[in-house]
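**Q** Sequence:
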Amino acid sequence: MSDAVPLGVDFGTSHTVAVVRTADAAFTPLLFDGSPMLPSAVYAEPGGALVVGREALHAMRLEPARFEPNPKRCVDDGAVLLGDREVPVADMIGAVLARVGEEYTRVVGTAPGSVTLTHPAAWASTRRVILLDAAARAGWREPRLVPEPVAAAARFAASRGVAVGSAVVVADFGGGTFDCAVVRRTGTGFEVVEVDGRERLGGVDVDEALVRRFRDRVEGDAEWRRLLAPETAADRRHRRSLYDDVRSAKELLSRRQSAEIFLPVFDRDSHLTRAELEETARPLLEEATRVTGAVMRLAGVQAGEVAGLFLVGGGSRMPLVATMLHHATGIVPTVWEQPELVVAQGALLTAAPAVPVAGGGTVPVPASRAPASPAQAVSAPIPRRDQPPGPARTEPYPVSPGAPPVAEPAAHRRPDRPARLWVVRGLLAVQVVFMVILAPRFGGYFFELGAAITFSIVVCACIVLSAVRHRVALWTCVALQFVLVVGLWTI
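Okay, so the sequence shown: first residue is 1 according to full-length UniProt numbering, each after it adds one.
Be a bit skeptical, because a hint or two may be false.
[Stated by the list, open to error] Quick list of the computed label-pair ranges, beta carbon to beta carbon:
| hint | residue 1 | residue 2 | range |
| --- | --- | --- | --- |
| 1 | R240 | G220 | 18 to 28 Å |
| 2 | A303 | R198 | 44 to 54 Å |
| 3 | S270 | D133 | 41 to 51 Å |
| 4 | V129 | D84 | 24 to 34 Å |
| 5 | A4 | A49 | 23 to 33 Å |
| 6 | G139 | R290 | 23 to 33 Å |
| 7 | G109 | S258 | 44 to 54 Å |
| 8 | A49 | G220 | 38 to 48 Å |
| 9 | Q257 | A49 | 43 to 53 Å |
I should point out that these hints are in silico values taken from the structure, not numbers from a laboratory. Keep in mind that this is a model prediction, so the values were computed, not measured. The C-beta atom is built at its ideal place from N, Cα and C for all residues, glycine as well.
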């Protein structure tokens, strides 16, 4: 369906995000119960039907054994026992995708015809086949699969510009996991150079740490048992209310210095400051910074060679995430106002026609580069407007007080000719002067002296060249050194 409104879907561990792109190049998130984030949770009803999203969260309070909060984590399990029956993982994921398809049909008026579905870059073919199977069960025919960091990098490049050969570091701090990848711009798009991540290192884990902090602060073992190990429907509602309040306070503290959290069962409020939140989250974020540094080292990229450090995922809203990564890498991160939408938006850009880019080659980017736009209050039928939308906010979200401004990537610099290479060329020229001009003229002592000097110069040049990875110049250096050694031997 060439005229179909394209759909980009980011199926996440804790939430799923879906975005459509209209003819005027505007990104519009699909909304589920008023939110662009659909909980990926699944609940198996006694009759056999699978319900998802907030409906599943609500039903879980009655029979938790029929509930699976994170189907994505079960991708290797084949099937999961929900209540009294085993449910294939493809069925659970397919139920979530089917809910996305229902909202798409309600908004657009037709079934999804052009779908791009993202997945973790580390997923092998077995897991991707399960994702395709789930999409087929949702009624989606031949969706395109795109690695999540590739989609995020495409979104970054659409607004900033990334030269061919440059690298982008994508740090995805989601609800349930942290993933980091280095992707490099090629003539046809982006390719993943290195990737790593951590399970159970996301926003949900920060929530758990905050609840433990409140437990240490507020006495009452019996009350905490009711909240953390509920046995009745009422206590399960209290537990859900507590975690909802903790998550809301955490998000509020990205803009304010303090927030109040209501502790059900205790029937009292408790105060939480941003400093306390950061103290609680810091041990988790330190692991995220270690992963990011390791990925960059394995990819062989330095801070000066990176076009940008792009933070995506809802957990990136916390200012401390950007601050710690800035200190660890020396790169000021870029964070947009709605980082949870970035991957789904970028998925749509990877399907766009290829156009020329700086440095030569082409990359899949849209003909009209639409800036990031905030989510709307409700989903509405897609308008068919003749005029393009007005400009929206494109500046990155402030990441830390006093941080230097984000440096624009050098879009016109040739990445295959770094500045250091000119130094190497100068050193090689000095060696040629000694060997070709001065040595025959003076001979003897001066030749030996010049050879000794140029020997040191060439060694330094080899060290520099090993960093810039310019093979042609490196082999030239080796060849000249061989000639030098032969000359010394014959003296």
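**Q** Hint by hint, note whether the structure agrees.
**A** Evaluated hints:
1. R240 - G220: 18 to 28 Å: holds, 19 Å
2. A303 - R198: 44 to 54 Å: Check failed, 22 Å falls outside 44 to 54 Å.
3. S270 - D133: 41 to 51 Å: Taking Cβ atoms as reference, S270 and D133 lie about 45 Å apart, which means the hint holds.
4. V129 - D84: 24 to 34 Å: holds, 28 Å
5. A4 - A49: 23 to 33 Å: Distance hint for A4, A49 holds at roughly 28 Å.
6. G139 - R290: 23 to 33 Å: At 42 Å between Cβs, range violated.
7. G109 - S258: 44 to 54 Å: holds, 46 Å
8. A49 - G220: 38 to 48 Å: With a Cβ separation near 39 Å, A49 and G220 satisfy 38 to 48 Å, so the hint holds.
9. Q257 - A49: 43 to 53 Å: For A49 against Q257, whose Cβ atoms are near 45 Å apart, the range 43 to 53 Å holds.
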